[in-house]
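Start from the sequences, fold in the hints, and give me the full structure.
Here is how the chains run, residue by residue.
Protein chains: 4
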Amino acid sequence: MNASIAIQVLPKVMEQEETRRIVDEVIAYLASTGLHYVVGPFETTLEGDLEELLDIVKQCCRICVEAGAPSVMSYVKISYKPDGVWTIDDKTGKYQNR
Amino acid sequence: MNASIAIQVLPKVMEQEETRRIVDEVIAYLASTGLHYVVGPFETTLEGDLEELLDIVKQCCRICVEAGAPSVMSYVKISYKPDGVWTIDDKTGKYQNR
Amino acid sequence: MNASIAIQVLPKVMEQEETRRIVDEVIAYLASTGLHYVVGPFETTLEGDLEELLDIVKQCCRICVEAGAPSVMSYVKISYKPDGVWTIDDKTGKYQNR
Amino acid sequence: MNASIAIQVLPKVMEQEETRRIVDEVIAYLASTGLHYVVGPFETTLEGDLEELLDIVKQCCRICVEAGAPSVMSYVKISYKPDGVWTIDDKTGKYQNR
Chain A
1 MNASIAIQVL PKVMEQEETR RIVDEVIAYL ASTGLHYVVG PFETTLEGDL
51 EELLDIVKQC CRICVEAGAP SVMSYVKISY KPDGVWTIDD KTGKYQNR
Chain B
101 MNASIAIQVL PKVMEQEETR RIVDEVIAYL ASTGLHYVVG PFETTLEGDL
151 EELLDIVKQC CRICVEAGAP SVMSYVKISY KPDGVWTIDD KTGKYQNR
Chain C
201 MNASIAIQVL PKVMEQEETR RIVDEVIAYL ASTGLHYVVG PFETTLEGDL
251 EELLDIVKQC CRICVEAGAP SVMSYVKISY KPDGVWTIDD KTGKYQNR
Chain D
301 MNASIAIQVL PKVMEQEETR RIVDEVIAYL ASTGLHYVVG PFETTLEGDL
351 EELLDIVKQC CRICVEAGAP SVMSYVKISY KPDGVWTIDD KTGKYQNR
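Protein chains in written order, with this note's numbering: chain A, 1 to 98; chain B, 101 to 198; chain C, 201 to 298; chain D, 301 to 398.
A portion of the hints provided could be inaccurate.
To be verified - Taking lysine-lysine pairs in the BS3-like style, the calculated list, with each CA pair at most 27 angstroms apart, reads:
1) A/58 <-> D/377
2) A/58 <-> B/177
3) B/158 <-> C/258
4) D/358 <-> C/277
5) D/377 <-> B/158
6) A/94 <-> B/177
7) C/258 <-> A/58
8) A/94 <-> B/158
9) D/394 <-> C/277
10) D/394 <-> D/377
11) A/77 <-> D/377
12) A/77 <-> B/194
13) A/58 <-> B/194
As the list claims (entries may be wrong) - Pair ranges (Cβ atoms, derived):
14) A/24 <-> C/270: 17 to 25 angstroms
15) C/293 <-> B/152: 33 to 41 angstroms
16) C/296 <-> D/390: 14 to 22 angstroms
17) B/183 <-> A/49: 40 to 48 angstroms
18) B/124 <-> D/352: 24 to 32 angstroms
19) D/389 <-> B/189: 30 to 38 angstroms
None of these hints come from the bench; they were simulated from the model. Yeah, the Cβ is synthetic: ideal placement off N, Cα and C, and Gly gets one too.
Listed below in structure tokens is the structure:
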């Protein structure tokens, strides 16, 4: 694994429940990729290959518009380390199930 | 609760274990504030009052330098809604303990 | 100068011109601080003292709500280096007036 | 133009001049794409097509490693609006050449 990303999508809709509906669609898509993922309050993190992960980012943007938002702002963090990126579990394992 | 923030600190050090040591010090401080917090792979989220949370951000920057980093980059997301911000549990409750 | 920040405010409003109106109010406030600032397409950058800059961040969030947005998401980058932060002009001087 | 992005690369190197060298290589690459771009203190903004822009993000990550950084953190903002994104000049035109 050479990369991990964290993505937040902000679909341009006013109602909180509309935001929830669209964000849930994006998270369902992220789950369907089969990659290891962690849902956080402001972003969802995945790890894998840089190329694959950026295709996933592109798809997340499209899903928001297909789900009814006229536009979307996305905020993406990318950690890229060809010889092996710092994994999700290694970073946060000890903080889970507090 | 009128605000929630997510903060990532990147202390300017080379070794991953040095990064871990300093980030763990910041997380220990965040835990000591008594506010509800969630540690994620790229950021830790807290909720509370805007004024209090920004003081906490300031302290996080200082802790990194006191812990030995010559400088630090921090990335902060701030959600501010005076009549009550969308809470951590309401956003992510259903995604925990997958 | 021990810090520089870049802030983007996303007031929760639907119309682009409403977004423009509120963002312009924030930029007018930033200009009024007297600090050196640069307006970019997605964020405005200032440099100064960490304490002063985080108070400014707080005020930016409040201005958006006072200007009519029910809530606001803000994205803040903070560079903190007690013995002197990398300045705006040193970073981008050669790229201005291309 | 359906998208605009702002990218900050943080190559994992200690010296400021090494950071400058690598970031300048990335900016030279961004300039070579022929897209309209604006260099800011913490990020460079481009506008174009979502697909093309995310390929450019991928290339920026790779350039940092090819230029000698063992790893790189990148921070990307993506604005996506299929029927025409808010342009750089429309957002910031009046703030240039203050």
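Right, here's what the structure says about each hint:
Taken as a hint, the residue 58 of chain A and residue 377 of chain D pair is honoured in the structure, with Cα atoms around 12 angstroms apart against an allowance of 27 angstroms. For the hint linking residue 58 of chain A to residue 177 of chain B, the alpha-carbon distance of about 22 angstroms falls within 27 angstroms, and the restraint holds. At roughly 12 angstroms between alpha-carbon atoms, residue 158 of chain B and residue 258 of chain C fall within 27 angstroms of each other, so this suggested pair holds. With a C-alpha separation of about 22 angstroms, the suggested pairing of residue 358 of chain D with residue 277 of chain C holds against the 27 angstroms cut-off.
Restraint check for residue 377 of chain D and residue 158 of chain B: the C-alpha separation of about 24 angstroms stays at or below 27 angstroms, so the hint holds. Between residue 94 of chain A and residue 177 of chain B the CA atoms are separated by roughly 24 angstroms; this keeps the pair inside 27 angstroms, and the hint holds. Of the supplied pair hints, the one linking residue 258 of chain C and residue 58 of chain A is violated, its CA atoms being roughly 33 angstroms apart against a limit of 27 angstroms. For the hint pairing residue 94 of chain A with residue 158 of chain B, the CA-to-CA distance comes to about 25 angstroms; that is within 27 angstroms, so the pair holds.
Between residue 394 of chain D and residue 277 of chain C the CA atoms are separated by roughly 24 angstroms; this keeps the pair inside 27 angstroms, and the hint holds. Pair hint residue 394 of chain D plus residue 377 of chain D holds up; C-alpha atoms about 22 angstroms apart against a cutoff of 27 angstroms. Only pairs whose Cα atoms come within 27 angstroms are accepted, and residue 77 of chain A paired with residue 377 of chain D is accepted, the gap being roughly 9 angstroms. Note on residue 77 of chain A and residue 194 of chain B: the hinted pairing holds, with a Cα-Cα distance of about 24 angstroms set against a maximum of 27 angstroms.
Of the supplied pair hints, the one linking residue 58 of chain A and residue 194 of chain B holds, its CA atoms being roughly 25 angstroms apart against a limit of 27 angstroms. The supplied range of 17 to 25 angstroms is met by residue 24 of chain A and residue 270 of chain C, whose beta-carbon atoms lie about 22 angstroms from each other. Here the CB-CB span from residue 293 of chain C to residue 152 of chain B is close to 38 angstroms, well matched to the stated 33 to 41 angstroms. Evaluation of the 14 to 22 angstroms hint for residue 296 of chain C and residue 390 of chain D yields a pass: the beta carbon distance comes to about 20 angstroms.
At roughly 43 angstroms, the beta-carbon separation of residue 183 of chain B and residue 49 of chain A lies within the given 40 to 48 angstroms, and the hint holds. For the pair residue 124 of chain B and residue 352 of chain D, the supplied restraint of 24 to 32 angstroms is violated, since their beta-carbon distance comes to about 40 angstroms. Distance hint check: the CB atoms of residue 389 of chain D and residue 189 of chain B are about 43 angstroms apart, inconsistent with the given range 30 to 38 angstroms.
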